[in-house]
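Please model the complete structure; the sequences and the hints are all you need to start from.
One-letter residues, chain by chain:
Protein chains: 2
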Amino acid sequence: MMNRIEDEDDHVPKDHPRYQSLKYRHKIIEGMKNLIVAEAGLIAHGRGECFDYILGEQSNDIARNAMKAAVALMLISEKPVISVNGNTAVLVPEELVELSNELSAPLEINLFYRKEGRVEAITSVLKKAGAKQILGTDESKMVEIQELSSNRRIVDPEGIKIADVVFVPLEDGDRTEALKKLGRKVIAVDLNPISRTAIWADITIVDNIIRVLPEMIKIAKKLKGMNKTELKKIVDEFNNQKNIKDTLDLIKHYIETQKEVAFNILNK
Amino acid sequence: MMNRIEDEDDHVPKDHPRYQSLKYRHKIIEGMKNLIVAEAGLIAHGRGECFDYILGEQSNDIARNAMKAAVALMLISEKPVISVNGNTAVLVPEELVELSNELSAPLEINLFYRKEGRVEAITSVLKKAGAKQILGTDESKMVEIQELSSNRRIVDPEGIKIADVVFVPLEDGDRTEALKKLGRKVIAVDLNPISRTAIWADITIVDNIIRVLPEMIKIAKKLKGMNKTELKKIVDEFNNQKNIKDTLDLIKHYIETQKEVAFNILNK
Numbered sequence: 000m001m002n003r004i005e006d007e008d009d010h011v012p013k014d015h016p017r018y019q020s021l022k023y024r025h026k027i028i029e030g031m032k033n034l035i036v037a038e039a040g041l042i043a044h045g046r047g048e049c050f051d052y053i054l055g056e057q058s059n060d061i062a063r064n065a066m067k068a069a070v071a072l073m074l075i076s077e078k079p080v081i082s083v084n085g086n087t088a089v090l091v092p093e094e095l096v097e098l099s100n101e102l103s104a105p106l107e108i109n110l111f112y113r114k115e116g117r118v119e120a121i122t123s124v125l126k127k128a129g130a131k132q133i134l135g136t137d138e139s140k141m142v143e144i145q146e147l148s149s150n151r152r153i154v155d156p157e158g159i160k161i162a163d164v165v166f167v168p169l170e171d172g173d174r175t176e177a178l179k180k181l182g183r184k185v186i187a188v189d190l191n192p193i194s195r196t197a198i199w200a201d202i203t204i205v206d207n208i209i210r211v212l213p214e215m216i217k218i219a220k221k222l223k224g225m226n227k228t229e230l231k232k233i234v235d236e237f238n239n240q241k242n243i244k245d246t247l248d249l250i251k252h253y254i255e256t257q258k259e260v261a262f263n264i265l266n267k
Numbered sequence: 000m001m002n003r004i005e006d007e008d009d010h011v012p013k014d015h016p017r018y019q020s021l022k023y024r025h026k027i028i029e030g031m032k033n034l035i036v037a038e039a040g041l042i043a044h045g046r047g048e049c050f051d052y053i054l055g056e057q058s059n060d061i062a063r064n065a066m067k068a069a070v071a072l073m074l075i076s077e078k079p080v081i082s083v084n085g086n087t088a089v090l091v092p093e094e095l096v097e098l099s100n101e102l103s104a105p106l107e108i109n110l111f112y113r114k115e116g117r118v119e120a121i122t123s124v125l126k127k128a129g130a131k132q133i134l135g136t137d138e139s140k141m142v143e144i145q146e147l148s149s150n151r152r153i154v155d156p157e158g159i160k161i162a163d164v165v166f167v168p169l170e171d172g173d174r175t176e177a178l179k180k181l182g183r184k185v186i187a188v189d190l191n192p193i194s195r196t197a198i199w200a201d202i203t204i205v206d207n208i209i210r211v212l213p214e215m216i217k218i219a220k221k222l223k224g225m226n227k228t229e230l231k232k233i234v235d236e237f238n239n240q241k242n243i244k245d246t247l248d249l250i251k252h253y254i255e256t257q258k259e260v261a262f263n264i265l266n267k
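As they're listed, the protein sequences go chains F and H.
Sequential numbering of the first sequence, starting at 0, is according to numbering that gives the first Met the number 0.
Sequential numbering of the second sequence, starting at 0, is according to numbering that gives the first Met the number 0.
Careful: at least some of the hints might be erroneous.
To be verified - Quick list of the computed label-pair ranges, beta carbon to beta carbon:
#1 Lys241(F) x Arg17(H): 50 to 56 Å
#2 Gly129(F) x Gln132(H): 56 to 62 Å
#3 Asn33(F) x Glu115(H): 18 to 24 Å
#4 Ile161(F) x Gly129(H): 56 to 62 Å
#5 Gln145(H) x Asn266(F): 19 to 25 Å
#6 Lys13(H) x Gln132(F): 43 to 49 Å
#7 Gln145(H) x Asn238(F): 54 to 60 Å
#8 Lys22(H) x Ile161(F): 34 to 40 Å
What the hints assert, rightly or not - PhoX-like cross-link-like pairs, simulated, lysine-lysine; straight-line CA separation at most 25 Å:
#9 Lys251(F) x Lys251(H)
#10 Lys114(H) x Lys22(F)
#11 Lys232(F) x Lys217(F)
#12 Lys26(F) x Lys258(H)
#13 Lys251(H) x Lys244(F)
#14 Lys22(F) x Lys131(H)
#15 Lys32(H) x Lys258(F)
#16 Lys32(F) x Lys22(H)
#17 Lys244(H) x Lys251(F)
#18 Lys241(H) x Lys180(F)
#19 Lys26(H) x Lys131(H)
#20 Lys26(H) x Lys114(F)
#21 Lys258(H) x Lys184(F)
#22 Lys26(H) x Lys32(F)
#23 Lys244(H) x Lys26(F)
#24 Lys32(F) x Lys32(H)
#25 Lys258(F) x Lys244(H)
#26 Lys258(H) x Lys241(F)
FYI, nobody ran anything at the bench for these hints, they're computed from the structure.
Don't be surprised by glycine CBs; every beta carbon is placed ideally from N, CA and C.
Below, the structure written as structure tokens:
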């Protein structure tokens, strides 16, 4: 009578209402088995699922506004870098490579949970997705940023060490704070609108990374035609605190609607 | 320069603001390594962390009201059963045993993610915590409930199969619905107030299992002195839909306060 259904997410029908969510959950679990994702990365993914849930699991104009400012900021910056961890590598590898190309912003592997073989596993995922150059892979060259005590302090001398803008999808609060104190501009993707990362970042995109990267690629293709003055105007007009407060209002509104909607399933 | 910090939760100082949360996160990860917890259980734990976060990570009177009704219902029921999965077994093993004793409600291991050796691993955890009798462990005796297609359908003929009330902490929606359709009363502990489990259950405790079980043990010691009429009154006066709606209001209120509070860290 025993049967294993650990891998049942493989067989979730495409019309299942939670198909997308289950598909990415499966990718994260497989990522852990393949050493790419840390155990704590599974828990972090769950936290993200919940916050996405109370955003209605869809992108909104407030998030898109932040994405536009993020792309503009990266386009006018001198040395933008895209920081990659295990979760982003399994969730959106091709999109990371495409965004990196569109914005001429190199990918740098930067991990909180280091483990023998993890950098190599992530490198392999990114190369398979088409990445030509990946920073953060040559241990002999790495340097430290003193403001940070976690493994995140170990950075590439050609990447985060000298970057003016760091794009940090799925980030921990300590590093965002450290990068800010080092004078970097930080762009974060964080489904928790009141995490330390969300609060500290210059531009916080409160949305699911799997929807954010494709959208940012589209925006990058559009904004690349603009001149620096126009791009700078987009950045200057963006107000992160207002954006986060608007997101909190959106969540409140969603929860209010659920007071009526949630019980409809009982009458089906 | 490589150093492993996967196990750093072990060394989190007790005055760390997130000490409790990190301690239980560590237990869940260890539980997975010891086969007790499913991979998907880590993701589920993360979802719980997030919902707990927007409840301010503390119990409230609305949840305590549901706990009181839950204890009362179990005390007046003929055959109450406490369903145990991997996450509950690693998070609150001693408390499960104590509540089981207080309420004369047997523990039954019932899993969504079955895997060779998992029932045995959970049995061992519960026995170490003092459990004398554990249902759901003898494969040769198990029967199925037809309303359910997942592994959750495999139940003990002396437990969930004949129970009138099933206490299901950390539950999946399908089973709650199936148990309801079979005429069982269901008591759920679910940090997501609008999950299918939360909506379908007769009594939904929207709170963290690590706070709920100790509180329910206390309540059980108190209510055991009451007669059936008094207990039935507590149950009858409880309104689950109202309770859930009040919880949603509480979350809205918490989010509203965060619009001001969250940015205070920038001024520190």
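Here's how the hints hold up against the structure:
{"no.": "1", "hint": "Lys241(F) x Arg17(H): 50 to 56 Å", "in the structure": "violated, 28 Å"}
{"no.": "2", "hint": "Gly129(F) x Gln132(H): 56 to 62 Å", "in the structure": "holds, 58 Å"}
{"no.": "3", "hint": "Asn33(F) x Glu115(H): 18 to 24 Å", "in the structure": "holds, 21 Å"}
{"no.": "4", "hint": "Ile161(F) x Gly129(H): 56 to 62 Å", "in the structure": "holds, 59 Å"}
{"no.": "5", "hint": "Gln145(H) x Asn266(F): 19 to 25 Å", "in the structure": "holds, 24 Å"}
{"no.": "6", "hint": "Lys13(H) x Gln132(F): 43 to 49 Å", "in the structure": "holds, 44 Å"}
{"no.": "7", "hint": "Gln145(H) x Asn238(F): 54 to 60 Å", "in the structure": "holds, 57 Å"}
{"no.": "8", "hint": "Lys22(H) x Ile161(F): 34 to 40 Å", "in the structure": "holds, 38 Å"}
{"no.": "9", "hint": "Lys251(F) x Lys251(H)", "in the structure": "holds, 5 Å"}
{"no.": "10", "hint": "Lys114(H) x Lys22(F)", "in the structure": "holds, 21 Å"}
{"no.": "11", "hint": "Lys232(F) x Lys217(F)", "in the structure": "holds, 19 Å"}
{"no.": "12", "hint": "Lys26(F) x Lys258(H)", "in the structure": "violated, 34 Å"}
{"no.": "13", "hint": "Lys251(H) x Lys244(F)", "in the structure": "holds, 13 Å"}
{"no.": "14", "hint": "Lys22(F) x Lys131(H)", "in the structure": "violated, 40 Å"}
{"no.": "15", "hint": "Lys32(H) x Lys258(F)", "in the structure": "violated, 39 Å"}
{"no.": "16", "hint": "Lys32(F) x Lys22(H)", "in the structure": "holds, 23 Å"}
{"no.": "17", "hint": "Lys244(H) x Lys251(F)", "in the structure": "holds, 13 Å"}
{"no.": "18", "hint": "Lys241(H) x Lys180(F)", "in the structure": "violated, 47 Å"}
{"no.": "19", "hint": "Lys26(H) x Lys131(H)", "in the structure": "holds, 23 Å"}
{"no.": "20", "hint": "Lys26(H) x Lys114(F)", "in the structure": "holds, 19 Å"}
{"no.": "21", "hint": "Lys258(H) x Lys184(F)", "in the structure": "holds, 23 Å"}
{"no.": "22", "hint": "Lys26(H) x Lys32(F)", "in the structure": "holds, 19 Å"}
{"no.": "23", "hint": "Lys244(H) x Lys26(F)", "in the structure": "violated, 34 Å"}
{"no.": "24", "hint": "Lys32(F) x Lys32(H)", "in the structure": "holds, 12 Å"}
{"no.": "25", "hint": "Lys258(F) x Lys244(H)", "in the structure": "holds, 6 Å"}
{"no.": "26", "hint": "Lys258(H) x Lys241(F)", "in the structure": "holds, 10 Å"}
Checked against the numbered hints above, the structure breaks hints 1, 12, 14, 15, 18 and 23 and satisfies the rest.
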